[in-house]
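> Following the hints, position chain B with the ligands against chain A.
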Amino acid sequence: MNLSFILFFFVKGLEISAPIAFAALGAVFSERSGVINIALEGIMIVTSFTIVWAAIALHSIWLGLLFAIVAGSLIALIHAVVSVTFRVDQIVSGVAINIFAVGLSRFLSQKVFGQETQTPTNAYLFPRFLGINSMAFLLIPIALIGWFVLYRTVFGLRLRTVGENPEAADTLGLNVYGLRYAGVIISGALCGLSAATLFPSQWISGMTAGRGYIALAAMIFGRWDPVGAVLASLLFGYADTFRIMFETKIPIPGQFVQMFPYVLAVVVLAGMVGKARAPAADGKPYEKGED
Amino acid sequence: MSETLLEMRKITKRFPGVLANDEISFDLLKGEVHALVGENGAGKTTLMKILYGLYSPDSGSIHIKGEKISIKNPKEAINCGIGMVHQHFMLVPPFTVLENIIIGEETQRFGILNEEKPAKKIRDLMERNGLIVDMYAKVEDIPVGIQQRVEILKILYRGAEILVFDEPTAVLTPQEAEELFKTFRQMTAQGKGIIFISHKLDEVLEIADRITVIRKGRVVKTLEGKEASKSLIAELMVGKPVLLEVERPDVSPGRVILEVRNLDLKDYRKVAVLNDVSFSVHAGEIYGIAGVEGNGQTELVAVIAEAAPMEHGDILLDGKSVANWDVRRRREAGISHIPEDRHRYGLLLPFSLAENLTLGMHHRKPFVNRFQIINRNKIQEHARRVISIFDIRTPSELTPALALSGGNQQKVIVARELSAEPKLLLAAQPTRGVDIGATEFIHNQLMEAKKDGRAILLVSADLDEVMSLSDRIGVMYKGRIIKEFAREETTKEEIGFYMMGEKEHGRN
Ligand SMILES: Nc1ncnc2c1ncn2[C@@H]1O[C@H](COP(=O)(O)OP(=O)(O)OP(=O)(O)O)[C@@H](O)[C@H]1O
Ligand SMILES: [Mg+2]
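Order-wise, the sequence lines are chains A and B.
Heads up, the first sequence is in this note's numbering, so the first residue is 1 and it goes up one at a time.
Heads up, the second sequence is in this note's numbering, so the first residue is 292 and it goes up one at a time.
One chain only, chain A, in its complex shape (with noise of 0.2 Å):
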């Protein structure tokens, strides 16, 4: 094992952590606001879908961040006005968008690009530094910066607040919805950057393969902070990312070695048990004008 090689799993297992840690650090915004975003699978099916189809329509990547963004913005908005403002259950707010976005990523590629399961190769992808794509390097600047937002900023403090204690917030003026709304849709934005770190070359059903759910499992172990979600991110990330290198190495049964993530994921959470703790109000809807 050489020195280039070392090298090489480090920053390739940066780029496998990415997806899940831009999604971790946009579950901690949703959840840090009182919102549970099981959402997210869903919403990283769409952005991964639209960040192709527009890449492809419009020859740029940028753009197809951009409108990824948008649409994992949009679909972050559904989940806002459904569990927010109608108060339904948000876990089952989020199991229907999970169920609607794998439908509806099927419906467009069949109508955009006739085929229902994959699109064609999308040939406009980012730059490529140290040998991965260079999209996964903005993972470090924007933790810090959801770190400095979420603990040093007034915007930061009433966010907490309102997962905290709405009614607090309520009588202090704020204004509970609308920081609720901002927290699920910063979460949907950043699922854009999760598509522009897994495999914008081309989308494929069921390419997401469960990682909105690791990135919950990774924001609760990363106890809901920005920082800590990330790190979590990485811990399963890099596990996947040996599993990737050494399979073939291994005399294990393949299905085995790659349930190994997941595996990891249930042991480190039921480990968590008792030590991390959720925001105070998180997963209630909140009633206005209530005593």
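A hint or two may mislead.
[Claimed, not checked] Cβ-to-Cβ under 7 Å is the rule here; a few derived chain B residues that face chain A:
1) Ile369
2) Gly395
3) Gly402
To be clear, the hints were calculated from the coordinates, so they are not data collected in a lab.
This one's a predicted model, so the numbers in the text were calculated from it and none came from an experiment.
Note that CB positions come from ideal geometry on N, CA and C, so glycine has one too.
For chain B with the ligands alone, kept in the frame of chain A given last:
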């Protein structure tokens, strides 16, 4: 005299089926404490929520310093100089004191928080009003009395001149209440006006310059503090004379019903919350636990009532260990429980009174038949009987529990728990937030239960209540019973000191 800060004119507010405020007129002068008293459901909180923009009145007007204004939401109320310390604290426990104070009113540059300027302003407010708090402590780590200071600082920080306190002393020790009143005086000396809601008439008499009594949504009378007396206010509130002292029946205690031996309990963080607690309660005896909230009382009751797992020790009911029994078996064996949080543990709020009144007995005859099918007629019949015995004010037994006033909700729980005819009654904060009429009633019911030979464990943050009802008193501090008294051999002040742990280490 001095200038009028606030005038509320003919405020009317109707909720479905209830006229909560009926042409209430109320005013507040500069530098005064104006108390607002009345039975549960009289409309005090509603009036204050209207003032704070949480409800909009159906008619009537609000004038501040002579100027008519409309307040549509709390933000506008804050801008008009109105601040409110709510019945339930509006704090964010994992945040620091400083963060809690500045939320919504932050000092910022380009959206980035600045904590230095606010810190300076807060330090100044703390000094001027005698509200010393560690600004960088997390709210969840400080005691309730101090949390209340944070609430007050929060509204002072917003420049409030009209301060509303909705039952602020319900959670305080007598010493803390005195501190609060000192702060009141400091604030009124600065020309602020204070509206003070309380069910504790002694406090009202002590601090209020004027007292407005409301009954069933209407103003009965506004009294000068000096001309008022406890019995006069009580009579105005209830509409008939009220007996303020409980009559303590002379019952000689019987055999030991509850015995708690060397109980240890740790919370999920492995911090000891109960530490070698031992005591016993006899038949026909009321054993009162005094203590500042959060010193293990909640856990103690939970261990006895709800089969919460304990570290070490034993619980005996009538000589038999119940430590390994589940809740149902304990209830069947004769343990009843009035839980401290009536909304979360005492009632199923959307369910009817009839259903709530049979909870815990619902699986027994005559409420179910052989096949465990519920017999509605029997349940409703039982409910009607209990409602009339316990004087629960409700339109019918089919009304959902959430439609009742706090005092009546509490009566429902007391009625249910006593109608099970227990050997042991665990009464946790039985009259919290309950008006004098209902309090009197509940106290009398406890005395009746005592006469019937039931053992009663009373836990209350209200020291007056503990003092007036109990035969023996144990003071809890940091998970221990640090002192046990017979009622006659102690005073309120002495117990207050023990409650604050000041005599913890044998300093006596
Ligand atoms: N949001 C609401 N919807 C319907 N009815 C309500 C609502 N809020 C209050 N009420 C009713 O209005 C009446 C007045 O209630 P309010 O809370 O103002 O009483 P209160 O004087 O503060 O009583 P307490 O001493 O128990 O706090 C009660 O009958 C109550 O049931
Ligand atoms: Mg009230």
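> Failing hints, ascending?
none
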